[in-house]
Amino acid sequence: MKVLEVKDLEVRYGGIRALKGVSLSLEEGQITVLLGANGAGKSSLLKAISGLVKPSAGSIQLWGQETRGLPAYRITGLGVAHAPEGRGMFASLSVRENLQLGGFLAPSTELPTRIEEALTLFPRLKERYNQLAGSLSGGEQQMLALARALVAKPRLLLLDEPSLGLAPIISQEIFRTIRQVHQTGLSVLVVEQNARLALQVADYAYVLKTGEVETHGLANDIKGLEQVGKAYLGVT
Amino acid sequence: MSSGYITQQLINGLAIGSLYALVAVGLSMVYGILRLINFAHGDLMMIAGMFGATLFLWLSKSPLLFFMVLALLAGLLGLVFERIAYRPLRGAPEVNLLITSFAVSSILQVGMQMLFSSSPRRFETVASLSRLYQIGSVQIRGADMATFFITLLVAVLLTWFTRRTRTGIAMRAVSENLDTSMLMGINPSRPIALAFFIGSFLAGVAGVLWGWKYGQVDPLIGFLPGLKAFVAAVIGGIGSIPGAFLGGYILGMAEVFFVGFLPPSFSGYRDVFVFSLLFIVLLVKPQGLLGQTKGRRA
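Sequence lines, in order, name chains A and B. If you read the first sequence in the working numbering, its first letter stands for residue 1, the second for the next number, and so on. If you read the second sequence in the working numbering, its first letter stands for residue 1001, the second for the next number, and so on.
If you are wondering where the hints come from, they were derived from the structure by calculation, not from laboratory data. The reader is advised that the hints may include incorrect statements.
[Said to hold, decoys possible] Pairwise CB distance ranges, derived in the manner of DEER restraints: (1) A:G77 - B:Y1269: 54 to 60 angstroms; (2) A:E110 - B:R1083: 32 to 38 angstroms; (3) B:V1110 - A:K2: 39 to 45 angstroms.
Values in this document were obtained by computation on a predicted structure and should not be read as measured data. All residues carry an ideal CB built from backbone N, CA and C; glycine is no exception.
The whole structure should be built from the sequences, with the hints applied where relevant.
Structure below.
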C-alpha cells in the first residue's frame, strides 16, 4: 500500500493558487525529497498533507484513507509527524516540555522511554533539557524539532527545510540522523533547498515549479538531469 | 505614621489585590489562548454573587459547599458562552470576539436585573468570616484572610497545573502557537474550553469572596472589578499567569496606599489613579511586567 497518494491537489490563498493540481505518491519506507525554488509550493504541499491548510480541490490519501479536510490533530493521530518550516518551537517552553508535547498522543507510560530514545540521537539536547527552547541555537532547535517529531513515533515524517540557516556540518549531521531513523522503516517526505545534500540520502525526488510537478524520478536519475543540475545544484 | 498603620494598609492591599488577582488570572488565561479580551468576565463574578445572595439560606450549613456550587455555576456558564458565543467565531478577527464579549456582558447584566431586580441584595456571611481577628497591632477580617489564603492556594495549584500536567503544558502550547500545537495532536478546543472553565470558576470564587467582603451585591458589580482586573492583567503582562497575580497585587496595594496615605480629599480619585498607573507601566514596559513580546501567531 502507498503511504501517501496525492491527486490533483489545489491550494489557494485568496486568489492565488499555490498548488495547481499536484499529484505525488510515496512508497513505504522511502525517503522522498521535494525540491523547488522559493514559492514553488513545497511548504504548502506539506501543510496540506498535515492538515494545516485546507485544499480547494483534489484528494489526499494516507495509507488508503482520504484525509483531505480532517483537522491537523486528527492527521497527527494517524501517524504523521510534521516538523514545520521555521522549526515551530514552543520557545517559551522547555526542551523537556517540547519533547513531551511531541508525545502528546502517546500512552504516558511509554513517554519517558521515547524521550530517552530521542535524546540518544541528539545528546546535545540532553545538556539543554531544562532550558527554554527559545534559548537554543538554530542547530539545536532543528535537532529539537526532529527529536520532537520522533517522540511521536510516526509512520510518516514530514520535514520542512531541516537545513535552513544551519552551518554545513550541522546540516550533514541532521541528514545523517534522518537516514538513521529511516532505517527503522519510517517513510520520510523532506522539503529541502539544499538539493545536493538531500539527493544524497533520498530514494526518490519530486521537483516542483510554480505550483506544479515539473519532474520526478529516482534520486539518482534526478541528480543527472540537466535542468535540475542547473537550477538547484549549481552545475553550469 | 506608625508601622502598625503601614502593616494594616499592607494587609488591606493584599486582601483587595487577591480579589483582583483571582479575576485577572482568568482574563489572562483566556486572552493567552484565544486573544479574546473578555469584557464579560467580571459579570461571571457578579453572577456568583447574585446567586450567592439568593442561595445562602439553602447552603448556609456548609460554606465549602456554598462556595463550590457558586464557583461551578460560574465555571459552567463560562463554558456555555465559550460554546455558543465564542467558538463559532474562532478564526474571525479579534475585534469580533471583543464585541461579542460586550454582548455577553449585557446579556448577563440585564438577565440578572430581570431575574432578581436591579436593587442591591444583602449577601449573608458566616460569623467566622465577619469577625475581626486581632494579630499584634493589626486587625484582619476573617473574609480577607480567607481571600488571601484561597488566592495563594489557587496560585500554587495553577502553577502546578500549567507546569506539571500534560493538559497544562498543552494549554501553554496552544497559547504560544496554535498551528504547531495541532501538529502535536492537540485538539485546541479542549484547552480553550478548559481555560474558560478555570477562569470563570475563579471569577465565581472571587464573586463569593466579594460578597463576603462588601456584604451586598447587585447586577452591575461585575463591571468595575472586571475592568480593574483587566488593568491588573495588562500591568502584569496579559497572557502570563504569574503576571496576573503580580498585577493584581500591585493594583490592590497601589489603590489602598493611595487612599490610605494621601489626604482624604483625594480618595475620590482612586480609580483615576488606578488607570493612570496603567499608562505609566505601559509607557515604560509596553508588554507588561512579565509579558513576552509576541508576534508569532499567524
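Here's how the hints hold up against the structure:
no.	hint	result
1	A:G77 - B:Y1269: 54 to 60 angstroms	holds, 57 angstroms
2	A:E110 - B:R1083: 32 to 38 angstroms	holds, 33 angstroms
3	B:V1110 - A:K2: 39 to 45 angstroms	violated, 59 angstroms
Hint 3 alone, counting from the list given before, is not met by this structure.
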